[in-house]
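**Q** Going down the list, the protein sequences come from chains S and Y.
Heads up: the first sequence begins at 3 in my numbering, then just goes up one per residue.
Heads up: the second sequence begins at -4 in my numbering, then just goes up one per residue.
Hints are supplied without guarantee of correctness; some may be wrong.
[As the list claims (entries may be wrong)] Incomplete in silico selection of chain S near chain Y, CB under 7 Å:
1) D48
2) Q139
3) L140
4) F214
5) T217
6) S224
7) H232
[Stated by the list, open to error] What the simulated footprint calls covered on chain Y by chain S, stretch by stretch (three residues with Cβ under 8 Å from a Cβ of chain S suffice, anywhere in the stretch; the number is not a length):
8) 79 to 88
9) 107 to 118
Everything labelled a hint here was simulated from the structure, so no lab data went into it.
In this text, all values refer to a predicted model and were calculated from it rather than measured experimentally.
Don't be surprised by glycine CBs; every beta carbon is placed ideally from N, CA and C.
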Amino acid sequence: MLQYFLKRLLSLGLSLVAASVVIFLALEVVPGDPASYMLGLNAQEDTLAALRQELGLGGSLFERYATWAGGLLVGDFGTSYTYRTPVAGMIADRLWVSLPLALYALVLSTLIAFPAGIWAASRRGSHADGAVMGVTQLGIAIPNFWFAMLMVLVFAINLRWFSAGGFPGWDAGFFVALKALTLPAIALALPQASILTRVMRSSLLDTLGEDFIRTARAKGLSKGQALWRHAVRNALIPVLTILGLQFSFLLAGAIIIENVFFLPGLGRLVFQSISARDLIVVESVVMLLVFAVIVVNFTVDMAYAWVDPRLRRRR
Amino acid sequence: MSRSETGLLSIQDLSLSIHGLPILKNVSMDVAPGRILGVIGESGSGKSITAFSVLQLLPGGASCTGSITLSGKDILSLSEAELCGLRGRDVGMVFQEPMTALNPLKTIGDQVAETILIHERVSKAEAMVRAADALRRAELPQERFPLSRYPHELSGGQRQRVVIAMAIALRPKLLIADEPTTALDVTTQAQILDLLKRLVAEGGMGLVLISHDLAVVADLADDLVIMRQGEVVESGPAKALFGNLQHPYSRALLEASAHVPERRQEVLDLPLLQVREVVRDYTGHTHGWWGKTTQFRAVDGVSFEIRKGESLGLVGESGCGKSTLTRAILGLEEVQGGEILFDGLPVFTHHHANQIVRRRMQVVFQDPYGSFNPRWKVDRLITEPFHLLANPPKGAERDRAIAEALESVGLSAADAQKYIHEFSGGQRQRIAIARALIIKPDLIILDEAVSALDVSVRAQVLDLLADLAGRFGLTYLFISHDLSVVRSITDRVLVMKSGKIVEEGPTNTVFDRPSHPYTQQLVAAAPVLPAGIA
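Throw the hints in and build the complete structure from the sequences for me.
**A** What follows is the structure, given as structure tokens:
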């Protein structure tokens, strides 16, 4: 088990290094010079050179990578070209919106999908199963920004239960902030929960057809007991995989929902930075997202081992 | 069969249909305490569904009429909750596939203890103590097989013992074993059958032993029921019944089990395949992080020859290296030592299979279902080996080759336009043989080619193979774990164990007077039909 953990950890480290190189190189080859973009068309050549030096755009490719990557390690993400403030602080502010939002959506999606998937699988072919399949089909088909606007119309404008957008900040109080994130989280969770429900259902149906379920029934377990004691945990592996993918997506892919609800999240930050050629911010946010994805994958790998003893085997 | 008053299980006139489709028709059988009832039948005979109806673990849409009485209780009138109380406590069940019958995520201790915990109000600790006892009775002592083991850490035979321990943990009155040894090697099979027999003798438990293999049941059963297509064709005390089978189907089944095809094949004194000192190593897992990789030697210095027109048997248990050797002969893998010559030419040259030799060898595998693409028609399936030829036949010539191959295995040319699902298991294996024959090879490797077939179909396929050998001058390498089949169709036999050939000689000599201890063990373990009737 320890060896499995260490091996995964090593692969995590290597993935991070590889990702940082790719991201750095990708943005190096992007056309457009941030210095000339900032100073406008009539800038003097020596002013440009001075600014380049200040922004850390001088020096060889390797030197620039070393400075950037070294900075990342100690939490120094550099200075934004446009705002002239440390990138680390900008990202931290946005992360305090995006991360809770993603977690909130993930929890909602899991809370809906697990019971719904198990319920549908245990009543395969019934009306209940048909209803779950129908609703999830709809949940996947509806674009989440449209659903988000619909919720704003109903719950914010007509019923006035929630505000239509914006984020008061966590200083305003935990529940006030959480309330502001509720509609966006529901909008994000809807398609994810639909997908997860279907994965849970089909994975469980596969497991229920296994020989060991028959063995359990022959021991005297009722259908429900066999389901809970033997099938659910065996069905989790594919569900965990999807869950890991969804979290990564929720963290980075919330940009449309952030725009609908005027949330100052990471998605909006990336969008604004790209339009302003603020490459250092783009680079840092992308690196952060990659880091999140890799850490989530690592967590999912650990969860596999927790679920399945065959992966814990020492070899 | 006599209906005793002290009967344990009594099935009377049981008929069963699933969604209106009749599956069982008026099935009757009785089991008394301490006795073993053998239920014999081929696939589709309804023997397993009869067993499942005793536990009422039936597929959706099934409905039963007639009566099933267990110790005076009418099973068919019990509620689902009452049935749950009965399953595992009064009736234990053992299944065919030990590899998949256990939950891979739970320890064997937990799984055996669950039988106890579900039926009795005892502490987890006490249940574990009793689970250890049940495992001990199934010959998995705790000292060597701790309760904390997971199923994947055990072999097939050991897993089957865990399943048996689960079934007998509460000392049920009746044990139902559905093909309990079909997936196991002969020596393991003999041990598991001994164990079942002992458990019956010790506890006064009744046993229903379901099998397709007459010899397995004949060794063990006190009473017999022979089933076909959902009906009982014959039943009675085993000894009396075997000596005096009345129903034509029973007699045909018995004859098929002991069938020896008639072979008229001239063996030339010319070597066709020469295997010399062949070694095949696999690289195993690394130990530790930067540790050395271990080498696993699957084939260890194997040498033998097959002469033209000969039929050579290769027997051995799973993991002995049979399949690895087969792949090496076919030139699919490079060997680490020695050489393999086919008609004097190497089968493997420059890291590739030698195409000149390759087209003169074909192989037929065990699984007639898995080795065909279901979306292709038969003509495309059986002409697959044509890619080995430099100038494959086209047009009318191709059609003629297809028709000839199909007709030689007893099918018709019109079958070329059908899909594989339209054929039965035996017909599919004929198609597999036609696929091997179509490029007119010299050597056919039959890798467990008849192992998945019912006995009557197996007898027909063996006859076909014997006939084809005579007609086309074929040479066979017949690989099987089934000694009786190997005995019936081979001239010489090799016995393989742990990558080595431990014994070699004329088939009858090896089986009648085995000299190596392992061969003796194999021959002793193989179930045989009672003397005088085979």
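**Q** If a hint holds in the structure, say so; if it does not, say that too.
**A** Checked hints:
Interface hint at D48 (chain S): violated, since its Cβ lies 55 Å from the closest Cβ of chain Y, which is beyond the 7 Å cut-off. Restraint check, Q139 (chain S) versus chain Y: the minimum CB separation of about 25 Å is more than 7 Å; hint violated. For L140 (chain S), the interface hint is violated, the least distance from its beta-carbon to any beta-carbon of chain Y being 28 Å, above 7 Å. Given the 7 Å rule on beta carbons, the hint for F214 (chain S) holds: about 4 Å separates it from the nearest Cβ of chain Y.
This hint holds: T217 (chain S) has a C-beta 5 Å from the nearest C-beta of chain Y, less than the 7 Å allowed. Annotation: interface hint on S224 (chain S) holds; nearest CB of chain Y at approximately 5 Å, less than 7 Å. Among the interface hints, the one on H232 (chain S) holds; its C-beta lies about 5 Å from the nearest C-beta in chain Y, closer than the 7 Å criterion. With 8 residues having a Cβ less than 8 Å from any Cβ of chain S, the region 79 to 88 of chain Y passes the three-residue criterion, so the hint holds.
Under a criterion of three residues with beta carbons nearer than 8 Å to beta carbons of chain S, the stated coverage of the region 107 to 118 of chain Y is upheld, 4 such residues being counted.
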